[in-house]
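The UniProt record's numbering puts the sequence shown at residues 1 to 554.
To be clear, the hints were calculated from the coordinates, so they are not data collected in a lab.
A portion of the hints provided could be inaccurate.
[As the list claims (entries may be wrong)] Distance ranges between label pairs, derived from CB positions:
hint: 1; residue 1: C109; residue 2: D200; range: 30 to 38 Å
hint: 2; residue 1: V368; residue 2: R98; range: 31 to 39 Å
hint: 3; residue 1: I82; residue 2: K21; range: 25 to 33 Å
hint: 4; residue 1: P196; residue 2: A352; range: 27 to 35 Å
hint: 5; residue 1: R397; residue 2: A197; range: 29 to 37 Å
Built from N, CA and C at the ideal position, the CB exists for glycine as well.
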Amino acid sequence: MAPIGVLTALDQARTQYYHFKAIVIAGMGLFTDSYDLFCIAPVMKIVGRVYYSDGGGGGGPGVTPPAVVSATVGVALLGAVIGNVVFGALGDRVGRRRVYGACLLLMVCSSVGSGFSVCRTRRCALASLCFFRFLLGVGIGGDYPLSATIMSEFANRRTRGAFIAAVFSMQGFGILVSSAVTMAVAAAFDHYTGYPAPLDTPECADLAWRIILMAGAVPAALTYYWRMSMPETARYTALVERDVVKATNDIGRVLADLDLGAVAEEEVTAALSRPPPPPRPSYGLLSRRFVRQHGRDLFACAAAWFLLDIPYYSSTLFQSQIYRPLFPAPGLINAFQEAFNVAKFQAVIAVASTIPGYFVAVLLIDRVGRRRLQMAGFLLMAVFLFALAGPYDGYWRDHGAHAGYIVLYSLTFFSANLGPNTTTFILPAELFPARFRSTCHGLSGAAGKLGALVGSIGFLWASQQKDGAAAGHLPGIGMMYALFVLGGICLLGLALTYVFTPETMMRSLEENESDRAQTQVGDGGSDTEAAKSPASMASSHLSMSPILPARVSV
1 MAPIGVLTAL DQARTQYYHF KAIVIAGMGL FTDSYDLFCI APVMKIVGRV
51 YYSDGGGGGG PGVTPPAVVS ATVGVALLGA VIGNVVFGAL GDRVGRRRVY
101 GACLLLMVCS SVGSGFSVCR TRRCALASLC FFRFLLGVGI GGDYPLSATI
151 MSEFANRRTR GAFIAAVFSM QGFGILVSSA VTMAVAAAFD HYTGYPAPLD
201 TPECADLAWR IILMAGAVPA ALTYYWRMSM PETARYTALV ERDVVKATND
251 IGRVLADLDL GAVAEEEVTA ALSRPPPPPR PSYGLLSRRF VRQHGRDLFA
301 CAAAWFLLDI PYYSSTLFQS QIYRPLFPAP GLINAFQEAF NVAKFQAVIA
351 VASTIPGYFV AVLLIDRVGR RRLQMAGFLL MAVFLFALAG PYDGYWRDHG
401 AHAGYIVLYS LTFFSANLGP NTTTFILPAE LFPARFRSTC HGLSGAAGKL
451 GALVGSIGFL WASQQKDGAA AGHLPGIGMM YALFVLGGIC LLGLALTYVF
501 TPETMMRSLE ENESDRAQTQ VGDGGSDTEA AKSPASMASS HLSMSPILPA
551 RVSV
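Using the sequences and the hints given, assemble the complete structure.
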């Protein structure tokens, strides 16, 4: 088959204004994800003061019970698992653009719904909160595969990794904005109510946490128009829908300075003169051929993401152990001041470690490579977690305010964002054929959120001491052993990356597919179409359902 000029032009295109615009548009889903994840900790402080002032639920006066905290965290992560799978498959079946706006709209509406609970009684308000957080999780989960796939298919081969990493780095800004909004709302309500006494929680506190949750919908809503005005990616249109002329025209509207005039003429001429392509053997996601050609890569992506999110989300919950010695005890401050202090610490960690880690990843991802960066990140996370775990019972537990303790904790976040937290988002968007790309990214992301469930809920139990569990908690294995387990999981992620994860740096998406297709020649069955160039792979991407290969578009 003749070369597809528009894809060649995309791979060779210089960096343009639209690339940066696409980063912001695609990054808003990740922004909302981190906003929701990190604002829930201070929100639960206010919720505890409002709905558990009598100590009901076993968590102590003014403290949200651990079971409720686990539920609010868990339902969002469970929704993200479903959203990754469903929207990932829809992105391949009906197109990335068609479901992209719906995904963002779901996030906006559910963020607003999280604040607009249907009632103000404890049980009803918390049930409503969990319901809308589940829907928010579905929208956030669906945004992962769509944002990564769209950015990878718009980018050129030289800077593709940096562009996708920049999309993912919007999480860091989501954390920062979440903390800033929480601090502003808490300070305003504290001032407005006359700085109430520690045990005096004003009725308006029930409004404060709702405003914090709803504010996360504003940035995402502002990008809705631009999401809907984005064209379908050229790779999906050319390789899945098999409409090369439309792909050329669409990409010419948003990317300037591409020499597409001659390309368009050639594509039109070729389309008119080319005889209808003969039917080729097809295969679906559940076929043996997919397992032979792409099963290893899917396992590598999903397993690495699963292993990463266990220590990453556990470390997020571990923050309460860090900031507790740094601020006054909850019994000495009011609800707004307690939420302010939690958000303040999150902002410090974001500025000192989280955002710098993302920036370094953007700078190195297309120089060092995905595989090396992922292995380095896992190794550094393990080192810092072991450094926290080893002397924890003997020293760190009684010296929580020590600067070295905070630095080691910050470095675990820096290492995660420098390495596997970024690379696990990038690799699934580069390793699979166009008609499977969004689906496989969604499956990998779903595995990651399952790991997040294990880390966030399991760590709440595991970190409790055997003989001195906190109120409302069951006895666990202790913080020291929990940290050792997390460090061991990071080493397992390092080993898995070394054995299974391929490198995709500086290669076009079609080259990645071609290399794996060539290795399968001679396997028997229908594996007879080895691609020899990026262009020749186009004919293998007939427009079929990623799961049931019965639909073909002409």
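Here is what the structure says about each hint:
1. Separation of C109 from D200 is about 35 Å and conforms to the stated range, judged on CB atoms against 30 to 38 Å.
2. Distance hint check: the CB atoms of V368 and R98 are about 36 Å apart, consistent with the given range 31 to 39 Å.
3. Taking the beta carbon of each, I82 and K21 are about 30 Å apart, inside 25 to 33 Å as hinted.
4. Restraint check, P196 to A352: a C-beta distance of roughly 32 Å satisfies the suggested window 27 to 35 Å.
5. Between R397 and A197 the Cβ separation comes to about 31 Å, which falls inside the hinted range of 29 to 37 Å.
The structure shown violates none of the earlier numbered hints.
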